[in-house]
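Take the two lone chains and join them into the complex the hints point to.
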Amino acid sequence: MVDSSTETNEQTAPSQEAPERVLAATGVRRSFKVGDRRLEILHGVDLELYRAERLCLMGSSGAGKTTLLNILGLLDRPTEGEVEVENVRVWQLGQAQRSRLRNAKIGFVFQFYHLLAELSALENALLPAMIAHSAATFRSKRAGYTNKALEMLTRFGLAERLTHRPGQLSGGEQQRVAIARALLLDPPILIADEPTGNLDRATGEKVLDLLFEEQETRGLSLLLVTHDERLAKRCERIVHMEDGLIQADSRTPIPH
Amino acid sequence: MYRFFLSLRYLRARKTNWIGMAGIFVGVTALILILSIMSGFLNESRKHLRGNLSDVLVQPMLDYPIKGKGAPRRDVDALLEIVRSDPRVAASAPQMVWYGMISAENKEFYASDQERGGLAVANLVGIDVEAEFAATDLRESMLREPAPGTTTQRPADVDDPFAPPPGYQPRGFPAESIIVGERLGAAWGLQRGAEVEIVTATIDPESGRTRDPINQTFVVAGTFRSSHNSMDLERIYFDRRVLADWLGREDDAFSQVLVKLHDYEGDKRAITEDLGVKLHQAGFLHSPESPLFDEVKTWEAFRRTLLAAIENEKSLMGIMLSLVMIVAGFCVFAILSMMVSEKRRDIGILCALGGTPKGIMSLFLLIAFWEALIGASLGVVAGVWGALRIDSIERWLSAKLNFQIFDRKVYLFDHIPSVIQVTGVAWIVAGALVCTLAFAMIPAWRAAKLDPVEALRFE
Ligand SMILES: Nc1ncnc2c1ncn2[C@@H]1O[C@H](COP(=O)(O)OP(=O)(O)OP(=O)(O)O)[C@@H](O)[C@H]1O
Ligand SMILES: [Mg+2]
Numbered sequence: 000m001v002d003s004s005t006e007t008n009e010q011t012a013p014s015q016e017a018p019e020r021v022l023a024a025t026g027v028r029r030s031f032k033v034g035d036r037r038l039e040i041l042h043g044v045d046l047e048l049y050r051a052e053r054l055c056l057m058g059s060s061g062a063g064k065t066t067l068l069n070i071l072g073l074l075d076r077p078t079e080g081e082v083e084v085e086n087v088r089v090w091q092l093g094q095a096q097r098s099r100l101r102n103a104k105i106g107f108v109f110q111f112y113h114l115l116a117e118l119s120a121l122e123n124a125l126l127p128a129m130i131a132h133s134a135a136t137f138r139s140k141r142a143g144y145t146n147k148a149l150e151m152l153t154r155f156g157l158a159e160r161l162t163h164r165p166g167q168l169s170g171g172e173q174q175r176v177a178i179a180r181a182l183l184l185d186p187p188i189l190i191a192d193e194p195t196g197n198l199d200r201a202t203g204e205k206v207l208d209l210l211f212e213e214q215e216t217r218g219l220s221l222l223l224v225t226h227d228e229r230l231a232k233r234c235e236r237i238v239h240m241e242d243g244l245i246q247a248d249s250r251t252p253i254p255h
Numbered sequence: 000m001y002r003f004f005l006s007l008r009y010l011r012a013r014k015t016n017w018i019g020m021a022g023i024f025v026g027v028t029a030l031i032l033i034l035s036i037m038s039g040f041l042n043e044s045r046k047h048l049r050g051n052l053s054d055v056l057v058q059p060m061l062d063y064p065i066k067g068k069g070a071p072r073r074d075v076d077a078l079l080e081i082v083r084s085d086p087r088v089a090a091s092a093p094q095m096v097w098y099g100m101i102s103a104e105n106k107e108f109y110a111s112d113q114e115r116g117g118l119a120v121a122n123l124v125g126i127d128v129e130a131e132f133a134a135t136d137l138r139e140s141m142l143r144e145p146a147p148g149t150t151t152q153r154p155a156d157v158d159d160p161f162a163p164p165p166g167y168q169p170r171g172f173p174a175e176s177i178i179v180g181e182r183l184g185a186a187w188g189l190q191r192g193a194e195v196e197i198v199t200a201t202i203d204p205e206s207g208r209t210r211d212p213i214n215q216t217f218v219v220a221g222t223f224r225s226s227h228n229s230m231d232l233e234r235i236y237f238d239r240r241v242l243a244d245w246l247g248r249e250d251d252a253f254s255q256v257l258v259k260l261h262d263y264e265g266d267k268r269a270i271t272e273d274l275g276v277k278l279h280q281a282g283f284l285h286s287p288e289s290p291l292f293d294e295v296k297t298w299e300a301f302r303r304t305l306l307a308a309i310e311n312e313k314s315l316m317g318i319m320l321s322l323v324m325i326v327a328g329f330c331v332f333a334i335l336s337m338m339v340s341e342k343r344r345d346i347g348i349l350c351a352l353g354g355t356p357k358g359i360m361s362l363f364l365l366i367a368f369w370e371a372l373i374g375a376s377l378g379v380v381a382g383v384w385g386a387l388r389i390d391s392i393e394r395w396l397s398a399k400l401n402f403q404i405f406d407r408k409v410y411l412f413d414h415i416p417s418v419i420q421v422t423g424v425a426w427i428v429a430g431a432l433v434c435t436l437a438f439a440m441i442p443a444w445r446a447a448k449l450d451p452v453e454a455l456r457f458e
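Chains as they are written, first to last, in numbering that gives the first Met the number 0: chain X, 0 to 255; chain W, 0 to 458.
The shape of chain W in the complex, shown without the other chains (with noise of 0.2 Å):
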């Protein structure tokens, strides 16, 4: 009973105490908070890894390989609807990719030297906007809030954008329309109802040659904001059959297929190797056993390496977590020991009236859990708010101090991105307790080991 009784007793009679309790607080805090930060970080980057890629993408190998090129594959319509007959599939959309290159004719000045060359790289998707819509979240894309700074061109109708924009005057022969990523847009001015100019060279199937290279006019029907930067910056979308036409494919002709499932953590595994069977089987692809040939793949497998460097991001993190946790034992065992010096006399005088070593042992232990119990569950609370409040926290502080902390610009993020992951909590906080308690056995034990005699002689 005196053990219970007298560790709260010393708890609150020591201001001391209170210091290790903060130190427990703070470092509980500052864990929940970056912890959630950074998983909340992770997660935006892990979206913006994905970018507009679907769950599954299918990549067939070309139509007729010569010298090692060939033609994209033909015959859309046939690999869609095999893909379509799955019950796990939620939506699917052909894709045709290129690359070209803008021109800039009418940029008002230059920033490097490819600019004053006057083209910079494109990359050049054909969609279908109905089956993009569903697989994808370009709708979304087009209809998202505009980054800071900067302002975004939604297409007059965003269920139909490749209509030619509202007041288009054209200069020559009326352009087919783009979308044009927006920070592509906002580089080169391209405003609604702008013409530019883009320019490509295809290849010839039959001799695997290059051939002359093309340019055509289109005008900007508006932007698209992915929020990942390198799409933003380079990708302009076309109506597939336009740029098919253009390249000189034929209407049936793709690169690639995205793949949306209802279930993806659920059912990516067994999807792929079904797909890769079923569109063997069909003549689509290789034998989905050949080593060389990866055509049907998640978008994770997809970006394994960036995947991985997230995850290694990850680990770092809970290293570096530990080490706080650490500090904080250290606080409380340096308090704890102080204490035990301190109460030298009434150890001994516990001794003397029956009181174990072992009591007096888990007396001292008891302080230790208290603070850390106290100050970890004080730290929950403030951590889980910061981290559900952190994006009003920082806009509240940077107008007090008149300093922007958190450039938004910098991350293309509208908010400071937060996750509070339950299990992330638990382990901080059953970490601050056993580190309290691990650090506080030192101090306890010597307690427990002090002569009563000599804990007795004199004041």
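Chain X extracted, bound-state conformation (with noise of 0.2 Å):
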């Protein structure tokens, strides 16, 4: 008891609420081959994201935040460190178990919205079930996520477009089935990464409202990056980066 005790203590004790924390990454370096050397993006990052947080992180272009956003995604590997979602040590897990841990508890919102030219919006809203279940049980509860996916497109106002292709939709409306499919098998967690960049400031603002109604609805643990000023003003929470560095943090500040 008294061996582990130190570690654990410094994991709950910041505040007295005890917030739990959904993701973290201790000591992340993240180094790529150019040529025949190694770049280094990330030098040492640590960064904890709480239950029901919303957290913005800016950085000038460059500083390595969609670097950090990859690993803190589980889409890439740290050169060094370690990511943990929900206390799990995620690159200790095998490739399966962690593609299921992506699914069940990471959302993505991209930039450039990424969804699938082939499928209809409904489609490509209902399209993390169908990853997450094998035919026979989708078929069983398909009818289920089916009303979920029509339940979120309607609120976001997109009843009318649900046969649409991603091709036939604006890039508001992409960007909102986007969210759709996010949230769709209720993650504790959503990594959006520049999810106004493409859009203009009006359309840009609508879906950011969304985004964060749902944020606060379902307690949401949210990751968000800009550019945006203004926007990040609407965050409690804003983790500045420079340089593959945490520079500043609102919540726990880093001297330096």
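Hints listed in this document are in silico derivations from the structure and should not be mistaken for laboratory results.
Be careful, since some hints might not be right.
As the list claims (entries may be wrong) - Taking lysine-lysine and the DSBU-like style, the derived pairs with C-alpha atoms no more than 30 Å apart in a straight line are: (1) Lys357(W) - Lys32(X); (2) Lys448(W) - Lys14(W); (3) Lys296(W) - Lys46(W); (4) Lys205(X) - Lys232(X); (5) Lys147(X) - Lys205(X); (6) Lys32(X) - Lys448(W); (7) Lys448(W) - Lys357(W); (8) Lys277(W) - Lys259(W); (9) Lys140(X) - Lys357(W); (10) Lys46(W) - Lys259(W); (11) Lys296(W) - Lys259(W); (12) Lys147(X) - Lys357(W).
To be verified - Residues from chain W that face chain X, not an exhaustive set, calculated with beta carbons under 10 Å: (13) Arg2; (14) Arg13; (15) Ile348.
A quick note: this is a predicted structure, and the numbers were derived from the prediction, not measured.
All residues carry an ideal CB built from backbone N, CA and C; glycine is no exception.
Okay, here's the thing in structure tokens:
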């Protein structure tokens, strides 16, 4: 008990309510091979995301935000350091388990929507459930998922667009389908990399309203990257990143 | 679930997939057609090789060998009795076989030097009509439709073929009747009722010396068409007693006995051994152990070398066929590779949503599988349909193109032979599936190896 107490205390100590840590990067380094040289992009990043928290990651272009997000989203393996999802060290898991974790726990929203061009809006929104289940179980749960997706898409104002292909939708509509897709399996974590970066201000605002509303009602942990100061002000926690290092964190300020 | 769903969706959405499917379709169709027609040809060739041979052939040693020569065996009835006492034997027929030359006095023009000399080789076969009909298909040969471009001269009464032809006007002494091969008759302009002179030489069994040539006039009572080229061109049937008499042999002399079995495939091995032993004990044959004499054999053993050539041709065909499969597989490989490059972003998205590399791999393998399955199924339908109706298809095409694609005269076939081999078709389908999937492994594996971060980076 005494041996392990140090670590446990550090993790749960920060506040009295002891907010639950859902996603954490510890000492994450990431370097890429460019030609015959190794180029380090992340120089040891520590970042923790707590339950129901709205975190905004900012930083100039090339700071390594997307690189960090890919690592936190389990898409990329850090060269060094640990990534934990709900206190599970993900790189100690097998490939299949990690994929299952990504499917169940993390929702992605990308700058370029990334919908499948061959599927309708509704089918795109249902895709995570199709990936989660075998053909037989999906068939038995299909109605439930379809209702859920329909409900969300309707709420997002896409009731008339269900059978449309992504190519037939506007950017804002596509991004709303992408949000519905990300939320279908009720993941505790939502990662959004410049979700409004490709939209005009008004549309972006609407998409964000929607995103924040879902975040609040669901108690989601939202990890958002943006260049927009006004948008950042709407987040309870702002983290600044520069040259592959966390420079400032409004929650636990890092002295430098 | 998504693999199933997406593979079908991709299949439907990408038109290039239809090319792969069409490739497999064409490949399978062509293979089934080629296999069926080649099998048909080989079957026909086998039949031709068999000619008027019966299932089993008994060729006893010569009666009293002098200086390596001797006269044909006598006492045919005793031998037939032994053969016919075996319950596995359906029928048997004795034959007297000799060679002679046909003299073409009445020929209108000469095609070659030998013909100018007025002679052509003829294979003289003396038969017992009833026994011959039972053991061989001579009767059917006489009734067969003429080859395209010729007219047969059927005997007036097929069941009594050696009766003098109706309206026969002998030039001198009334001649004995013969039945000639259709092509021989056509080549020499022999109509039914025409007289023809046949020349031969015999050997004196006592001294082993050749006697002076003998010749005799015979009358053509009809022709037969065995569809076996050399037989139709050379063979002349006699009544066995007539031929024996002319050659100076006794009535019961014979050269060989044809044996027809009830169940050839089942009994062929056992019966050749049993007959060899029994006929040896009766003094007709050498000891079956003697390696020099091979007096009872199946028709297949008799035509061993040519049959081996056919089998050879079959395996060569198999090798060529598998090459076509590889081409179809390569087609799918190219299309799928293209698709993997095109769908890089989708692969990244699927990974981000929780797809595993294994799942991505099976997604692309499934696409190939659908292509192969649909292509091969349609190919089987088209191939079997085509193989069943190849003859009318060829006739229709020839008429449309105004050009004879398949010259039936060349092969002496009335129709394009074609045999659907169920196992062969099954092998082709299995081959198409395996080959396609094997080729699809490479792009599918590449897709699974794709780094999702790379794949997602912009468009
Ligand atoms: N696979 C890679 N190989 C080499 N360099 C890379 C690779 N991925 C990213 N980088 C480099 O890492 C740095 C950080 O990239 P990243 O995309 O994380 O920046 P960012 O903070 O998201 O910038 P932006 O705000 O423009 O999106 C960049 O200089 C980029 O060139
Ligand atoms: Mg970025």
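**Message:** I'd like to know which numbered hints this structure contradicts. Please list them from smallest to largest.
**Reply:** When the structure is compared with the hints, none of them turns out to be violated.
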